[in-house]
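*Asks:* Using the supplied hints, reconstruct the complex from the two chains, each of which is provided in its own coordinate frame.
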Amino acid sequence: MTRFLEFAGRPFVFFIEECGSILLLLLSTISWMFRPPFRFRVIFKQMEFVGVNSVGVVLITGAFTGMVLALQTYHGFRMFGGEGLVGATVALSMTRELGPVFTALMVTGRVGSAMAAELGTMKVTEQIDALNTMSVSPIQYLVMPRIIAAILMLPVLTIISDFVGIVGGYFVGVNLLKINSGIFMAKIIDIVELDDIFNGLVKAAFFGLILSLVGCYKGIYTIGGAEGVGRATTQSVVLSSILIFISDYFLTAVMF
Amino acid sequence: MIKLIKITKSFNSQKVLDELDLKIDPEKITVIIGQSGGGKSVLLKHMIGLIMPDSGQIIIDGIDITNLNDKKLNEVRKKFGMLFQDAALFDSMTVGENVAFPLNEHTRLSRKKITKIVDDKLNLVGLENVTNKMPSELSGGMRKRAGLARAIALDPKIVLFDEPTTGLDPIMRESIDKLIVATQKRTKATFVVISHDIESSFTIAHKIAMLYQGKIIAVGTPNEIRSSNDSFVKRFIKDLRK
Numbered sequence: 001m002t003r004f005l006e007f008a009g010r011p012f013v014f015f016i017e018e019c020g021s022i023l024l025l026l027l028s029t030i031s032w033m034f035r036p037p038f039r040f041r042v043i044f045k046q047m048e049f050v051g052v053n054s055v056g057v058v059l060i061t062g063a064f065t066g067m068v069l070a071l072q073t074y075h076g077f078r079m080f081g082g083e084g085l086v087g088a089t090v091a092l093s094m095t096r097e098l099g100p101v102f103t104a105l106m107v108t109g110r111v112g113s114a115m116a117a118e119l120g121t122m123k124v125t126e127q128i129d130a131l132n133t134m135s136v137s138p139i140q141y142l143v144m145p146r147i148i149a150a151i152l153m154l155p156v157l158t159i160i161s162d163f164v165g166i167v168g169g170y171f172v173g174v175n176l177l178k179i180n181s182g183i184f185m186a187k188i189i190d191i192v193e194l195d196d197i198f199n200g201l202v203k204a205a206f207f208g209l210i211l212s213l214v215g216c217y218k219g220i221y222t223i224g225g226a227e228g229v230g231r232a233t234t235q236s237v238v239l240s241s242i243l244i245f246i247s248d249y250f251l252t253a254v255m256f
Numbered sequence: 257m258i259k260l261i262k263i264t265k266s267f268n269s270q271k272v273l274d275e276l277d278l279k280i281d282p283e284k285i286t287v288i289i290g291q292s293g294g295g296k297s298v299l300l301k302h303m304i305g306l307i308m309p310d311s312g313q314i315i316i317d318g319i320d321i322t323n324l325n326d327k328k329l330n331e332v333r334k335k336f337g338m339l340f341q342d343a344a345l346f347d348s349m350t351v352g353e354n355v356a357f358p359l360n361e362h363t364r365l366s367r368k369k370i371t372k373i374v375d376d377k378l379n380l381v382g383l384e385n386v387t388n389k390m391p392s393e394l395s396g397g398m399r400k401r402a403g404l405a406r407a408i409a410l411d412p413k414i415v416l417f418d419e420p421t422t423g424l425d426p427i428m429r430e431s432i433d434k435l436i437v438a439t440q441k442r443t444k445a446t447f448v449v450i451s452h453d454i455e456s457s458f459t460i461a462h463k464i465a466m467l468y469q470g471k472i473i474a475v476g477t478p479n480e481i482r483s484s485n486d487s488f489v490k491r492f493i494k495d496l497r498k
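Taken in order, these protein sequences are the chains called A and B.
Residues in the first sequence are numbered consecutively from 1, following the working numbering.
Residues in the second sequence are numbered consecutively from 257, following the working numbering.
Just so you know, the hints here were simulated from the structure itself, not pulled from any lab data.
Computed from a predicted structure; not experimentally measured.
Glycine included, C-beta positions come from ideal geometry on N, C-alpha and C.
Do not take every clue at face value.
Unchecked claim - Partial selection, computed: residues in chain A whose CB lies under 8 angstroms from chain B:
{"#": "1", "residue": "117"}
{"#": "2", "residue": "125"}
{"#": "3", "residue": "133"}
{"#": "4", "residue": "181"}
Stated by the list, open to error - Computed far set for chain A versus chain B, every beta-carbon distance over 10 angstroms:
{"#": "5", "residue": "14"}
{"#": "6", "residue": "23"}
{"#": "7", "residue": "38"}
{"#": "8", "residue": "126"}
{"#": "9", "residue": "186"}
{"#": "10", "residue": "189"}
{"#": "11", "residue": "197"}
{"#": "12", "residue": "245"}
Extracted from the complex, chain B is given alone in its bound form (with noise of 0.2 angstroms):
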């Protein structure tokens, strides 16, 4: 379970995140929504450690990560997939080295069931044919299915998604957000996923979270806060809608 206690992050005097409460339910998805620059990549990064508060607990599974050191840390990471914004594949590597990596990192396993497990992540994000492709290669679609079977790999307990559908198409859009639905509901992993997409946030949530100011102004199912009659959420989601 992830749970993150009065975080407080500042770039250049900036208050990015402040006091931030937030608590994430496991085997859920939840996506975090805001306007773009409000900080939510930054409380995604926290999640994972990339970027430290200044103030402020995260607690991963009971552990608050703040203060581990870097062995320790990883060992939280191991946890966690992550796809980001671009998939960030390393472009050095085929596909197929892509989703091996973390397995050739962190597992004994052997060549052969290596290739079989990356053939099985590829195919559960509906690609085929592209292990030996250069993600050069592929489309934004198709990079962002790639980084999702590689943030997969090590079948981790916690997947976050840096705003998944941002510069698709709504063709692709739609296949994105059905994909996360269906991988979530294989997979049974916790995923938290920002986004500024208020549409395609109501179809994949099972509970949405609203970043505004760097707080957590409302937490609720769809449902709740599409019926909100909270005056503020109401102006928010018409915000969101421009």
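Next up, chain A with everything else stripped away, as it sits in the complex (with noise of 0.2 angstroms):
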């Protein structure tokens, strides 16, 4: 019994050592991000490589999301006569749960996998070390501007990805199923608020702390060459998943 549960409990016990570690890069991220020099270029390079060029990644799943919610929920409402409300459900769905997560996940996918394969290989090819040598701290040189770039993009992506979400949904909702223009666009107004907008984007900033800076303590924590590095970026992409998903739930919870 003891062995099973030593065996069970192995990789619970992994999981909370290696949520502490991330929280202590965390920390240490914080206390050099009020430290001169500012590298406002590093962090734009940053912005640009998270925000800007997942923009077409974005759109298209943020359509295509919306799109299918309308499809779905078209055929369910139906059987009650509420297809009138498929625009406020698209709406709030996208904005207040599937642009946030979607949008998080595939700039995980793009972009957080990038930041551990990247500074893996810095480390492994002793790039960071001679940061280090060169009296330049790789953690405010090269982890918070990442981490900053993220918290700040994540937020402005998901405003693309709910925009053209309920632009997806209206195109099915009113062109191809040929709900009411003006039930659909009235009973989004009616019923999303700003605060389901905001919420979202809460949740959206807190996505991009936990992707970039997973990506980010997978890749200087890496070990062991090229294969050290698949390794980084493969569980990277794992780990962010895992704590976004856990945390929209609790998120949700307290927010809403």
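*Replies:* Structure, rendered in structure tokens:
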């Protein structure tokens, strides 16, 4: 029995340990945030990488999420004559839940993994040690700009995703399924509140923190050459995704 | 001046450095030789605080760096330049940007002056027309030269070399050896080189320190080491020549 518990509990202990180490990295990053030099150029470069370069992916996933949502809810709602609520359902789901979560997952795949791979390669080729020897803190130079960029850009990407999602839902609902456009829009305005959008953006910022922090953590603690870099990249995507889902539940429970 | 006092370091219960004592002479080239996997890199990384010892002191110009905070340690590190085994050039930057990096970070020099220094340092290490090339476009030997140019960009008092000739062909090895000697002569900095290449060590060193089983077992000029009657030193040299 004891042995079974030991066996079953090991991954859990490992997960908690890992979360602790990530939290320590976060504290250290915060402490470096207020010390000069402030490298705005590096931060803008990361914002471009995390934000601008992710717009295409977010446009496609956002639009199709809104479209499929309209399609699915239409068939369900039609059974009891609630087609008019399709617009509001799409808008509410996108702003509260699907916009932030899907955007975060897509950015995790595109950006979080790249962060782990880039920093991991820098670690195994001693570039991070080289930064240290040149009296430049890797946390301040590499980790902090990535985290700030992700926290700032995820809400922006989420707004884009929310918007195209609703537009996609409108296209499917009004143009293909022939829902009255006036009702579609009126219900959205009626039911969706500014708080729904705002809370969704707070979630997005938090997810940005998670995916960048985990990506950087996995990167700068990479060991074991090319194989290690591969492992770090995979682990960063898996761990970020898990943490995004877990924190999504608790954030939703607290905010809505 | 660098002084290591009773440095002990273990990894996973394996003792790599064992109460090691070593004094590095200023403005000279000291080569630390030892077998591969014998803790030479670990020892070198202790000198610049990349690895901290389990016990013992590392004194740099009178300051023990083992109990400094990040900020003070970074101040001490400004006295150092380091050339890594594979040069560790930032692969997202051009060679010129790499050499300019420490200057941009720690000086307020104008762009024009920085460009001038970058060109001078690259010339000093025998590189021309590579400023706008990416590190991946350079050969192994050229990368090491560029790494050295970056290491000496701020005219540091101490330059550390992690196996500078490993992985190079004999001709390139000789030319890097010559470069190290020439650069030290010009800069008058303290050079610490770690190597398992005994011949190259005899060529470049003012002083040789032998690392064996976590301790420095002999220190002396190349002549002293070569003519040593100590059977242990003789065997050590013979082993390294194999």
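*Asks:* Hint by hint, say whether it matches the structure.
*Replies:* We went through each hint and held it up to the structure:
| no. | hint | result |
| --- | --- | --- |
| 1 | 117 | violated, 12 angstroms |
| 2 | 125 | holds, 6 angstroms |
| 3 | 133 | holds, 4 angstroms |
| 4 | 181 | violated, 49 angstroms |
| 5 | 14 | holds, 18 angstroms |
| 6 | 23 | holds, 19 angstroms |
| 7 | 38 | holds, 13 angstroms |
| 8 | 126 | violated, 4 angstroms |
| 9 | 186 | holds, 51 angstroms |
| 10 | 189 | holds, 47 angstroms |
| 11 | 197 | holds, 37 angstroms |
| 12 | 245 | holds, 32 angstroms |
Of the hints listed earlier, those the structure fails to meet are numbers 1, 4, 8, in rising order.
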